[in-house]
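Enquirer: Order-wise, the sequence lines are chains A and W.
Each residue of the first sequence is one higher than the one before, starting from 310 at the first, in the numbering used here.
Each residue of the second sequence is one higher than the one before, starting from 310 at the first, in the numbering used here.
Source of the hints: derived by calculation from the structure; they are not laboratory data.
Please read all numbers here as calculations on a predicted model, not as lab measurements.
One or more hints might be untrue.
As the list makes no split between identical chains, a pair holds if one copy fits it or if it spans any two.
As the list claims (entries may be wrong) - Below, a list of computed lysine-lysine pairs in the DSBU-like style, where the Cα atoms sit at most 35 angstroms apart:
#1 Lys413 to Lys551
#2 Lys647 to Lys564
#3 Lys723 to Lys743
#4 Lys378 to Lys357
#5 Lys647 to Lys723
#6 Lys385 to Lys414
#7 Lys357 to Lys318
#8 Lys385 to Lys564
#9 Lys564 to Lys463
#10 Lys735 to Lys453
#11 Lys354 to Lys463
#12 Lys413 to Lys345
#13 Lys688 to Lys348
#14 Lys502 to Lys735
#15 Lys743 to Lys596
#16 Lys453 to Lys596
#17 Lys463 to Lys668
#18 Lys463 to Lys414
#19 Lys514 to Lys564
#20 Lys502 to Lys463
#21 Lys514 to Lys551
#22 Lys432 to Lys453
#23 Lys667 to Lys596
#24 Lys688 to Lys632
Number of protein chains: 2
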Amino acid sequence: MSSKELLSKIEKNEETVGVIGLGYVGLPLAVSFAKKGIKVLGIEKSEKKVLEVNAGQNYIQDVEDAVLKACVQEGKLSATGDASRIGECDVLIICVPTPLDHFKKPDMSFIESACVDIGRNMKRGVFISLESTTYPTTTEDVVKPIVERESGFKEGEDFWLCFSPERVDPGNKDYKTENTPKVVGGLGEEAQKIAVALYGKAIQKLYPVSSPRVAEMVKILENTYRLVNISLINELALLAGKMDINIWEVIDAAKSKPYGFQAFYPGPGIGGHCIPLDPFYLEYVAKGINFDLTMIDAAGRINNLQPYRIMNKISYALNRQGKPMNGSTILFLGVAYKADIDDARESPALLVMEECAKKRANVLYYDPYIPEVIDEHGKKWTGVVLTDELIENANCVVFTTAHSCFDVEHIVEKAKLVVDLKNMVKSVNIEDEKVFKL
Amino acid sequence: MSSKELLSKIEKNEETVGVIGLGYVGLPLAVSFAKKGIKVLGIEKSEKKVLEVNAGQNYIQDVEDAVLKACVQEGKLSATGDASRIGECDVLIICVPTPLDHFKKPDMSFIESACVDIGRNMKRGVFISLESTTYPTTTEDVVKPIVERESGFKEGEDFWLCFSPERVDPGNKDYKTENTPKVVGGLGEEAQKIAVALYGKAIQKLYPVSSPRVAEMVKILENTYRLVNISLINELALLAGKMDINIWEVIDAAKSKPYGFQAFYPGPGIGGHCIPLDPFYLEYVAKGINFDLTMIDAAGRINNLQPYRIMNKISYALNRQGKPMNGSTILFLGVAYKADIDDARESPALLVMEECAKKRANVLYYDPYIPEVIDEHGKKWTGVVLTDELIENANCVVFTTAHSCFDVEHIVEKAKLVVDLKNMVKSVNIEDEKVFKL
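When you get a sec, could you build the whole thing from the sequences and use the hints?
Expert: Given below as structure tokens:
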């Protein structure tokens with residue numbers, strides 16, 4: 310198939326879109342295409358997810374159950390674990406994770422494995438788009454050579470490449486996959502034409518850029534900006550605490566400046582699938598050319614220290630009541646990495662819990678959205694059911710996530726001691742005998 | 310005078326407001342009060358400024374000439390060098406500079422001297438507000454003891470204190486003194502009442518906070534945020550350059566994200582009266598309590614290195630044309646620290662010029678708003694008149710400030726070589742033979 314034929318197929322809505330990886334990025338995207346009447350095939354290694362999708366069952370918070378169900382019933386969306394079915398697809402969109410290993414080195418194995426699957430099973434004349442966040446040059450230097458090697462095809466003639474970063478913000482009520490402007494960076498003019506024609510059908514607004522590497526850098530910049538600013542405010546919050554300054558009041562007042570300021574808030578640390586990771590892809594590639602990224606490095610240090618610092622805060626609060634950490638019962642409210650979502654990936658609350666447990670505290674947690682969670686050492690934590698008795702008996706209750714369903718007033722009333730990391734207790738300025746604020 | 314009497318005087322518009330320091334903060338503020346029919350006395354050490362104000366002559370870009378003139382003619386605004394006239398004032402607003410010395414230690418001498426003048430000359434029952442940017446605790450720990458010592462009065466009984474940070478952004482077309490929300494942090498309830506009554510007459514929107522130190526921290530947070538983000542993008546710009554990525558395109562694409570991102574742009578460094586200074590007030594006070602501010606420190610390092618790095622960029626550009634820096638004529642376009650203003654304080658362009666001069670380049674500059682400028686070593690630089698011959702004869706032309714009056718196309722056409730630090734040459738993506746981009 311030539312690029313013209315592919316374009317014409319896309320214009321007629323006759324293409325089959327293969328989405329590789331049906332997680333929080335892939336599934337919403339698959340549904341966005343399918344609801345426009347485009348045939349979508351999800352290729353996913355988890356058998357459970359494949360079965361759920363094919364049964365019309367949604368498992369991602371940002372996807373509407375009824376919409377997914379309708380797409381499946383109308384035959385527009387199906388899933389498979391069989392990589393050979395990649396051969397049915399005219400378009401392949403890679404939405405697999407790119408984690409960091411324990412040494413903050415990007416783990417490219419999911420992308421590489423997807424590329425091998427594509428290369429071995431693709432037909433000639435397809436369009437391949439990578440959405441996984443990764444370091445600049447990945448599309449050209451990782452995806453392209455693997456696909457060429459495995460398929461024997463040539464990029465720009467037999468297939469076309471693009472990088473288009475996912476911008477999914479789980480729990481965001483205003484911006485979902487379809488109405489968040491999408492950056493698309495095709496490799497070459499033909500790839501860009503196909504990218505714009507394809508994504509333009511499912512996404513309301515596109516922002517084309519001149520190359521995949523620019524698109525790769527865009528995503529890194531967005532999240533490096535966030536990492537750096539959250540780290541900055543976490544550091545300033547500690548200083549402010551030492552100077553009897555309520556950092557939350559400072560931030561809200563600074564927000565009254567109508568230009569040149571954007572508010573970030575402190576907390577137990579940085580979590581989620583993007584902000585703690587993305588900047589370190591860039592650091593990795595920078596090290597390869599002997600370039601030190603001092604701002605990312607400094608931010609990384611603050612973030613690494615944050616769980617210890619928060620554990621210390623809790624310890625100081627207990628100490629003021631004459632209690633050691635050792636043997637105290639500490640109840641953490643919220644392990645989700647941000648408010649009102651059910652995701653505990655890279656959760657800073659978990660890291661604080663681990664630190665307190667190391668100091669021999671009796672650590673409990675409650676999260677209405679996360680009944681159990683496995684930490685990075687493979688330990689399984691099971692949440693408790695929140696009762697007045699539990700709150701009353703805890704030596705310290707810690708607000709780690711700002712879930713809006715928490716009955717803050719009631720919890721503070723029942724608790725012996727509260728450490729408030731998320732400015733939940735508005736009635737207290739900096740701290741009083743019972744409430745410690747970050 | 311009791312606080313009630315002072316409040317009633319303010320309500321009746323009968324107070325005399327003394328503004329100490331008639332610079333880019335004090336003069337616009339003085340005019341904002343005077344145009345509301347309030348009697349304003351400017352107390353200013355520069356005889357030239359006193360004469361100009363009393364002659365109805367404006368010297369600050371953000372003040373309207375006609376408005377100042379009218380205020381003076383109506384007898385609402387006058388200036389004096391005589392500190393004893395502080396005794397005529399019911400309200401005193403301190404708008405003096407707080408520079409850093411060469412070791413980045415805050416120079417508090419202007420604030421201290423203003424406080425001594427106030428303490429020695431004030432009458433009982435006045436309200437004193439500090440607007441100079443400074444480290445948190447200054448109002449309580451510097452202003453209060455000096456005024457009490459010199460006057461024999463007692464804060465909270467004989468006079469009231471407030472910190473209200475200036476938010477002047479020179480050259481900002483949308484936000485001037487009157488329509489920029491103003492943070493006010495009175496020391497105690499009475500001070501806050503007076504502060505709100507007073508400032509509310511001249512400023513459209515106030516944002517009261519619970520203490521002077523919160524207000525002090527607000528200003529530092531605003532500008533630390535800017536320092537850190539400009540430093541971040543300056544660092545990323547260098548890396549992007551090495552990776553053949555156009556950072557300007559990346560930033561514009563990242564701006565298409567409708568939440569959670571604010572764009573900052575790279576350049577020759579950080580200039581002006583606030584951003585390069587304010588964060589280091591905080592670093593100073595933090596060091597006093599053994600607290601290291603790693604983000605500010607990292608940002609400071611990047612900023613310190615930026616002039617060298619830019620000099621190197623220019624040197625590489627010359628090198629590609631087979632020229633050494635030594636003996637080359639380099640024409641810098643713009644020494645103002647930002648576009649379309651006439652202010653070269655802490656100008657990064659000047660630092661780059663000095664670096665190039667050290668490497669024996671023949672350094673020239675042109676700035677339509679700044680005919681001459683004195684660098685930090687006391688050396689006077691005189692701008693040239695921009696001619697085609699000058700552009701043609703220069704070995705390199707450097708865009709250092711994005712003045713909108715520059716005829717970029719014409720300059721690029723005439724020049725042998727252009728180093729574009731401000732993305733002025735839109736027609737070039739990253740670089741071509743003639744144009745080097747940051």
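Enquirer: Now tell me, hint by hint, if it's right for this structure.
Expert: Going through the hints against the structure:
{"no.": "1", "hint": "Lys413 to Lys551", "in the structure": "both (32 angstroms within a copy, 22 angstroms between copies)"}
{"no.": "2", "hint": "Lys647 to Lys564", "in the structure": "both (21 angstroms within a copy, 23 angstroms between copies)"}
{"no.": "3", "hint": "Lys723 to Lys743", "in the structure": "within (11 angstroms within a copy, 71 angstroms between copies)"}
{"no.": "4", "hint": "Lys378 to Lys357", "in the structure": "within (16 angstroms within a copy, 78 angstroms between copies)"}
{"no.": "5", "hint": "Lys647 to Lys723", "in the structure": "within (25 angstroms within a copy, 55 angstroms between copies)"}
{"no.": "6", "hint": "Lys385 to Lys414", "in the structure": "neither (38 angstroms within a copy, 67 angstroms between copies)"}
{"no.": "7", "hint": "Lys357 to Lys318", "in the structure": "within (32 angstroms within a copy, 76 angstroms between copies)"}
{"no.": "8", "hint": "Lys385 to Lys564", "in the structure": "between (46 angstroms within a copy, 34 angstroms between copies)"}
{"no.": "9", "hint": "Lys564 to Lys463", "in the structure": "between (52 angstroms within a copy, 34 angstroms between copies)"}
{"no.": "10", "hint": "Lys735 to Lys453", "in the structure": "between (53 angstroms within a copy, 30 angstroms between copies)"}
{"no.": "11", "hint": "Lys354 to Lys463", "in the structure": "within (27 angstroms within a copy, 75 angstroms between copies)"}
{"no.": "12", "hint": "Lys413 to Lys345", "in the structure": "neither (39 angstroms within a copy, 60 angstroms between copies)"}
{"no.": "13", "hint": "Lys688 to Lys348", "in the structure": "neither (41 angstroms within a copy, 71 angstroms between copies)"}
{"no.": "14", "hint": "Lys502 to Lys735", "in the structure": "between (52 angstroms within a copy, 23 angstroms between copies)"}
{"no.": "15", "hint": "Lys743 to Lys596", "in the structure": "between (47 angstroms within a copy, 30 angstroms between copies)"}
{"no.": "16", "hint": "Lys453 to Lys596", "in the structure": "within (23 angstroms within a copy, 51 angstroms between copies)"}
{"no.": "17", "hint": "Lys463 to Lys668", "in the structure": "neither (58 angstroms within a copy, 49 angstroms between copies)"}
{"no.": "18", "hint": "Lys463 to Lys414", "in the structure": "within (30 angstroms within a copy, 61 angstroms between copies)"}
{"no.": "19", "hint": "Lys514 to Lys564", "in the structure": "both (29 angstroms within a copy, 13 angstroms between copies)"}
{"no.": "20", "hint": "Lys502 to Lys463", "in the structure": "within (18 angstroms within a copy, 74 angstroms between copies)"}
{"no.": "21", "hint": "Lys514 to Lys551", "in the structure": "between (46 angstroms within a copy, 31 angstroms between copies)"}
{"no.": "22", "hint": "Lys432 to Lys453", "in the structure": "within (15 angstroms within a copy, 79 angstroms between copies)"}
{"no.": "23", "hint": "Lys667 to Lys596", "in the structure": "both (34 angstroms within a copy, 31 angstroms between copies)"}
{"no.": "24", "hint": "Lys688 to Lys632", "in the structure": "within (27 angstroms within a copy, 63 angstroms between copies)"}
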